[in-house]
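> Chain residues, written in single-letter form:
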Amino acid sequence: MKKAPPHVEHHPPHVGLYVTCLVDIMRPSVAFATIKILEAAGCRVSVPDTQTCCGQPAFNSGDLKSARALASTVFNTFEHFDYVVAPSGSCAAMLKVHLPTLFSDSEDKARATRFADRVFELTAFLVHLTGRAQLENAYVGRVAYHDGCSGKRELGLGEGPRQLLQTIDGLELVEIADADACCGFGGTFSVTYPEISNAMVSKKCNALTDAAPDILTGSELGCLMNIAGKLRRSGSPIACRHIAELLAGDTSMPAIGSAKEDR
Amino acid sequence: MHPETHHFSERSKRAAQDKDLQDALEGLATGFVARRKDAIADCAHFEALRNQGRDIRTRTCADLERHLLSFEAKAEQAGSRIHWAETGDDACAIVEKICRDAEAQSIVKGKSMVSEEIGLNAHLEASGYAVVETDLGEYLLQLRGETPSHIIAPAIHLSEHQARATFLKSHDTLNPKRDLGTPETIVGEARALMRDKFLNADVGITGANFLIAETGSAVVVTNEGNGDLSATLPKVHIIVTSLDKVVPTLGETSILLQLLARSATGQAMTAYTTLFTGPRHSTDLDGPDACHIIIVDNGRSDILASDAAEVLNCIRCGACLNHCPIYTTVGGHSYGWVYPGPIGAALNPALLDLASTRDLPDASTLCGRCEEVCPVKIPLPKLLRQWRAKDYARRQTSRKKLAIMAWAWMAKRPTLYALWASVIARALKSRHGAHHTVPLAKGWTTHRDFPASEGQTFQAQWRRAKKKARPS
Amino acid sequence: MNSRAAILNRIAKAGREPTTSVIAPQSDQSGCTHATLDTHTPDTDLWQRFTQRLKDNGITSRQCRDAAEIPTCVADLANITTSNPQRVCIAPHAMFQDRDWNTAGVSEMHYGSWKTGDGVAVSHARLGIADSGSLVLASGEDSPTGLAFLPEIHIIALQRNSLVATLTDAMVRFAEWKNMKRNSLPRAINIVSGASRTADIAGKIVHGAHGPRKLCVVIYDNA
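Protein chains in written order, with the working numbering: chain S, 1 to 263; chain L, 1 to 472; chain G, 1 to 223.
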């Protein structure tokens, strides 16, 4: 990602980092990597410490009251930022696509829409900033990208993530068959319908084995944990890492589901 | 067809581990999915067609009464008899009466999802009529006593071997040593047997893909030609259809037909697309003497008034099934009723009831492929979420509801949440990098390892890092 | 209240009551509100497109100058020879009558509806559709519908000037085909785009499911 030097602005954009529950609890290194990328892109990054859940599990489970309550907390916490960036397609989609529908009948409708317009998934935000990030991020190896469903179909991320990956020195991008097929994670789905979820993630892992990348990456930690868990159970050597880690050039943390000794 | 939608959970579990079924369903990806992709690549204006298709369906449903009345008037002018049926039982009774009046001995039938929905075959057979399904897939299922597992490929769950075994067992007057070694020979045997049925049938029953208000025509689309033979050779043609099939004009029908063929089988046009308008004319050389059209409601007029009205836009192409990771894993029978896959999960709670179908909208990752491929852009994930919301509001308590409520309660309290997150982050740490088992997550760890956490939450680490950088 | 009134009453009521969604629909950026019947197909190379589509659909075609050559083309397409005689059923269409079928080698033939034993049938198309490689037949005194579904080989004659670009172009014309006496369309308008086929045995495409195993077209210039 060695492009033009960071654009100097009078007012660098103030970005609120929406960490997401999974990154906060399971893999903080993704959030650190995200901050590194955003700062390299000339942003001022703040991390509100009162943030919790975006309400996605409640929304998808039909608990619209809780979804509305949680979404409005995020909304109030992050409203004053120029941008809100999340290293997750599904959390960003919750805030960007679904949140306004929860307020469509209320007086906050216009506010919600304005807020949603400023929410970005990390790679979409980097594309939005058009190559202002300047990072040292070489990685020599074969990398495959898994299109998370929310990112692909709710946010329309398109080829952006792959184009960002291709700016990394030494990285060889490989495609897996049916890359945008769901991996079977689906939040609570993975434990409510374990047999179906397992069949789905097995198909994904078979496609991965055929493509044989060194690393599988993506923008969705839930998917990566699901796939990594299955790969590890079946003894596959393919490592899983969040796209922020690769873009930030920081792979010091063992891959997802892997111990230090593994690498 | 008797609904068994409440068995989804155990049926899908079994289906996901059924090797034969998995092999059969694998063909969907190389067949329908690949052919649709090619057909769309070959049609530069497909996206424009989809927008037109969605608009045609939405506008028609918004003014359905007018279009139905216009259809009725034109169809009667062409000599068709129109019958209105409020329920499936009413529709079956009407068909039975027509067959009785026609003194029918034998009945041939083209594939029709509405007739499956209302249980027409069972009704007619119970009334003493011999009904032969003429679509090859449906015929195989009839011989096996099974129900369709796909909207357009009813026997997709069967292997070539199973088809062969069915014919050897059922056609027991034929030489048991005959050659049925290829799909061609199996099809050839069905063709020969079916030809007799067609030539001797008194009544032919078909469904309709569309009803055209402008002309009073019923459109029937098949690749085999069985619908046309059923509609042309017997002296009575009965069309069993539903009120959502009406399209205002010929031109608008042409848009929907292009979407249907490409989305369903990946053809520019299906082999046989026929507009049937009334019985034979006095100068015609063939065709039935009478044409009856039964317009079935069976709950649809109530759906029209609900927030699920968009499901009525469906043109039954089956693309959402072929592209659904759940359907392609569990097959159609897991869904327990006529309409499987995403459209079934959105439609069945409306046509049946939510209590017995609640698993169908729940069993989805909301991955959105269905909406992405829908030729008329039905927002299926939105509809599934709506059913989930209704089910959530309907249920007093359930384990999942309690879990969501507990989660939401805590997430509304940042301090408590941060504390809880720290505890979990610590608990999920492992020097092995992953856990083989995790309490309360058996569903996950039966099949997968659970990746370990880093041990401390990001928020805790960030607070410390900031303190270090800027000591106060 | 009878069923008809009850159903229509409920539909009318549904139309009047505004529906509120639990989850409001997302905004639509397409801006497409009305179905225009423009199918965006450039009107060039119509002929080339048609012949290519026929090929894609597995339809064999022959071209000739005059309708008088149709019998020879039929014999050729159906591979009718003295060693392979076949009985041919011919639609009683003006274009087929008073033709020299015998000289062309079609010795066993009759006009009218299909009879058991007819291996080949010949119909006349009202239109051809370039976009989809389809042929449009309409039932009537000169066109029995069964010919398209009962023989082993179905041969359709099409006059060159009857070609239209799209399905929409074809279908909007159907409205002009009304029978004056009944003021309605022909009983059956068949849009035929290939031989009879099925994929119901393990997803493999097999031709000749119920109807013709082979579909052919004879395209002629002059009547």
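Keep in mind the hints are simulated off the structure, nothing from the lab.
Incorrect hints may have been included.
Each computed BS3-like pair below joins lysine-lysine, with the alpha-carbon atoms no more than 27 Å apart [stated by the list, open to error]:
hint, chain 1, residue 1, chain 2, residue 2
1, L, Lys466, L, Lys412
2, L, Lys235, G, Lys181
3, L, Lys466, L, Lys401
4, L, Lys169, L, Lys19
5, L, Lys412, L, Lys401
6, L, Lys466, L, Lys429
7, S, Lys109, L, Lys412
8, S, Lys65, L, Lys169
9, G, Lys204, L, Lys235
10, L, Lys390, G, Lys115
11, L, Lys177, G, Lys204
12, L, Lys400, S, Lys36
13, L, Lys412, S, Lys65
14, G, Lys115, L, Lys197
15, L, Lys197, L, Lys177
16, L, Lys429, L, Lys467
17, G, Lys204, L, Lys19
18, L, Lys442, L, Lys467
19, L, Lys400, L, Lys13
20, L, Lys429, L, Lys468
21, L, Lys401, S, Lys65
22, L, Lys37, G, Lys55
23, L, Lys197, G, Lys13
24, G, Lys181, L, Lys169
25, L, Lys429, L, Lys412
26, L, Lys401, L, Lys390
27, G, Lys55, G, Lys214
28, L, Lys442, L, Lys19
29, L, Lys13, S, Lys36
30, G, Lys214, G, Lys204
31, L, Lys197, G, Lys214
32, L, Lys390, S, Lys109
33, L, Lys13, L, Lys412
34, G, Lys13, L, Lys235
35, G, Lys214, G, Lys115
36, L, Lys390, S, Lys65
37, L, Lys197, L, Lys169
> With reference to the structure, classify each hint as holding or not holding.
To see whether the hints hold, each was checked on the structure:
1. L:Lys466 / L:Lys412: 25 Å, holds
2. L:Lys235 / G:Lys181: Holds, because 22 Å separates the two Cα atoms, which is no more than 27 Å.
3. L:Lys466 / L:Lys401: 38 Å, violated
4. L:Lys169 / L:Lys19: Holds, at about 23 Å.
5. L:Lys412 / L:Lys401: Holds - the C-alpha atoms of Lys401 of chain L and Lys412 of chain L are around 16 Å apart, at most 27 Å.
6. L:Lys466 / L:Lys429: 24 Å, holds
7. S:Lys109 / L:Lys412: 21 Å, holds
8. S:Lys65 / L:Lys169: 57 Å, violated
9. G:Lys204 / L:Lys235: 34 Å, violated
10. L:Lys390 / G:Lys115: 59 Å, violated
11. L:Lys177 / G:Lys204: OK: Lys177 of chain L and Lys204 of chain G at ~24 Å, within 27 Å.
12. L:Lys400 / S:Lys36: 38 Å, violated
13. L:Lys412 / S:Lys65: 12 Å, holds
14. G:Lys115 / L:Lys197: 15 Å, holds
15. L:Lys197 / L:Lys177: 24 Å, holds
16. L:Lys429 / L:Lys467: 24 Å, holds
17. G:Lys204 / L:Lys19: 20 Å, holds
18. L:Lys442 / L:Lys467: 40 Å, violated
19. L:Lys400 / L:Lys13: With Cα atoms ~19 Å apart, Lys400 of chain L and Lys13 of chain L stay inside 27 Å; holds.
20. L:Lys429 / L:Lys468: 24 Å, holds
21. L:Lys401 / S:Lys65: 13 Å, holds
22. L:Lys37 / G:Lys55: 19 Å, holds
23. L:Lys197 / G:Lys13: 45 Å, violated
24. G:Lys181 / L:Lys169: 52 Å, violated
25. L:Lys429 / L:Lys412: 25 Å, holds
26. L:Lys401 / L:Lys390: The given pair, whose Cα atoms are some 13 Å apart, holds under the 27 Å limit.
27. G:Lys55 / G:Lys214: This hinted pair holds, its Cα atoms lying about 12 Å apart.
28. L:Lys442 / L:Lys19: 23 Å, holds
29. L:Lys13 / S:Lys36: Violated, at roughly 44 Å.
30. G:Lys214 / G:Lys204: Roughly 17 Å separates the two Cα atoms, so the pair holds.
31. L:Lys197 / G:Lys214: 22 Å, holds
32. L:Lys390 / S:Lys109: 23 Å, holds
33. L:Lys13 / L:Lys412: Violated, at about 35 Å.
34. G:Lys13 / L:Lys235: Judged against 27 Å, a Cα distance of about 39 Å means the pair is violated.
35. G:Lys214 / G:Lys115: 18 Å, holds
36. L:Lys390 / S:Lys65: This hinted pair holds, its Cα atoms lying about 12 Å apart.
37. L:Lys197 / L:Lys169: Distance of about 19 Å is within 27 Å: holds.
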